[in-house]
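There are 2 protein chains.
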Amino acid sequence: MPVPYSYTYPRPALTVDCVVFGFDEGELKVLLVQRDLEPFKGSWALPGGFVRVDESLDDAARRELREETALRDVFLEQLYTIGTLGRDPRERVVTVAYYALVPVGLHEVKASTDAASAAWFCVSDLPTLAFDHDAIVEKAVERLRGKVRYVPIGFELLPEKFTLSQLQHLYEAILERPLDKRNFRKKILGMDVLVETNEIEQDVAHRAARLYRFDEAKYRRLVRKGFNFEI
Amino acid sequence: MPVPYSYTYPRPALTVDCVVFGFDEGELKVLLVQRDLEPFKGSWALPGGFVRVDESLDDAARRELREETALRDVFLEQLYTIGTLGRDPRERVVTVAYYALVPVGLHEVKASTDAASAAWFCVSDLPTLAFDHDAIVEKAVERLRGKVRYVPIGFELLPEKFTLSQLQHLYEAILERPLDKRNFRKKILGMDVLVETNEIEQDVAHRAARLYRFDEAKYRRLVRKGFNFEI
DNA sequence: CCAAAAGTGTTTCACGTACACCCATGC
DNA sequence: GCATGGGTGTACGTGAAACACTTTTGG
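So the protein sequences, as listed, match chains U and H. Sequence positions in the first sequence follow my numbering and run 136 to 366. Sequence positions in the second sequence follow my numbering and run 136 to 366.
Source of the hints: derived by calculation from the structure; they are not laboratory data. It is possible that part of the hints are untrue.
Note: identical chains are not told apart, hence a pair may lie in one copy or across any two.
As the list claims (entries may be wrong) - No farther apart than 27 Å at their CA atoms in a straight line, the calculated lysine-lysine pairs in the DSSO-like style are these:
(1) K353 with K274
(2) K282 with K322
(3) K274 with K176
(4) K274 with K360
(5) K353 with K176
(6) K353 with K321
(7) K282 with K360
(8) K282 with K176
(9) K296 with K316
(10) K274 with K321
(11) K321 with K296
(12) K296 with K274
(13) K296 with K353
(14) K176 with K322
(15) K296 with K176
(16) K353 with K322
(17) K176 with K316
(18) K322 with K296
(19) K360 with K176
(20) K176 with K321
Keep in mind that this is a model prediction, so the values were computed, not measured.
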């Protein structure tokens, strides 16, 4: 029996695609999967796939990340929805793009369903991508660059405990410009959202730096008082 | 004959919805239409409707605006895509929300297909809306409030020629805080993106103010040199 | 002449920016 | 002892914020 008031015209297919960012060796990276199916079989592409009728968009994005890259519990935010005609050779496909931030190294990345393999690539040196995924990556980089300056999401790309230099290099990689060490420290410590731990870096061939944690609860308390994070 | 590699599982329906902003009598307004069809027949709702398989999302949004409110050639930007389960009583519907900025008064607003009537409402005093449209409006207001501060889109809500006071009141309405007259003028004129016309306000019961225009070309030239608009 | 909004400068303070040296550690 | 990054303070200039009175016009 048909659903009352429903409409039965042909409808576009709906997918989700995820731009997964990581930060490693001083460089901003993106996680790509090698397609195991046509079209674009063998090409590198963003992890993603069709949205099921019984799951939300966010759930679909998380499911695809789990299935294709074994990532879970990561920072995930909707980016943009692309519905250009002809972007998929099969038929009309509208995709809801997401971007994710993951601390590289904490998560084992492995391919599974629908993807032959998964690997990290430098944002500045990507292979040719399937569909219009290069444009989606570009949009995600722009969004990240804009957002990282006034929302404390950069920490999602670092391990729980990090040094101030790591944080600075992260910002330098995303913003693509050098930052002054003393000013950066003054500013970030002055915001009062980092807590100093008793630990220091291990296994480095020079003086070990102090480790800090981002204090999410403190940040939220400050925001309620009108505080604005800004680098 | 089936399209090769296509997928045939059940798929969500796809719609677009538009939050149309206007500025009138010192207040930020939203354009709503009264639904002519079930579900929510008679309720106020955002103009919008189903996306056709042969049109892009932007085209669908513009078509719906034309059909339901007779608006055309307006500023339109994608806002967010909502795919929560159960947001439409009929079946699974994913909607791509847009927001539009129009100079109230320049465009005749009239209802047509699928909408009994269209009318402006103060953002701060909306009726109960169909579906989850109240949440969409809220998200659009947040986006507008965030974006208006660093992108010169406020001008889209004013006629081509406007006074500095009108512009200031617009910002005050969107940002919901008073601005200092002298500082506001100093700042906006200092940016060098407004051009003074030879004209002044007409039919006002007090000293007539000078009219200005936003110089889009000049703005883009400045941006290329590293300039950032910021209120 | 009164009401209403237009138009106009200066001072103060906070913050962004530029900049260089000593320290601790591992090898 | 040397190479490598860790860690620290000050001076300067720009820009944000606070603030009040005179001018013009219409009624």
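Here's how the hints hold up against the structure:
1. K353 with K274: between (31 Å within a copy, 25 Å between copies)
2. K282 with K322: For K282 and K322, the Cα distance is within 27 Å both inside one copy (17 Å) and across copies (25 Å).
3. K274 with K176: Classified as within; 24 Å inside a copy, 39 Å across copies.
4. K274 with K360: This pair counts as between: shortest inter-copy Cα distance 21 Å, intra-copy 32 Å.
5. K353 with K176: Answer is neither: 47 Å inside a copy and 47 Å across each miss the 27 Å cutoff.
6. K353 with K321: The answer is within: 18 Å in one copy meets 27 Å, while 37 Å across copies does not.
7. K282 with K360: Classified as both; 21 Å inside a copy, 22 Å across copies.
8. K282 with K176: neither (34 Å within a copy, 40 Å between copies)
9. K296 with K316: For K296 and K316, only the intra-copy Cα distance (19 Å) is at most 27 Å; the inter-copy one is 47 Å.
10. K274 with K321: Neither: 31 Å inside a copy, 34 Å across copies.
11. K321 with K296: within (19 Å within a copy, 45 Å between copies)
12. K296 with K274: Neither, since 29 Å and 34 Å both go past 27 Å.
13. K296 with K353: Classified as within: same-chain Cα gap 16 Å, cross-chain 46 Å, threshold 27 Å.
14. K176 with K322: neither (48 Å within a copy, 55 Å between copies)
15. K296 with K176: The answer is neither: 40 Å in one copy and 55 Å across copies each exceed 27 Å.
16. K353 with K322: Only inside one copy: K353 and K322 sit 16 Å apart there, 34 Å across copies, limit 27 Å.
17. K176 with K316: neither (46 Å within a copy, 61 Å between copies)
18. K322 with K296: within (19 Å within a copy, 42 Å between copies)
19. K360 with K176: neither (52 Å within a copy, 43 Å between copies)
20. K176 with K321: Neither: 50 Å inside a copy, 58 Å across copies.
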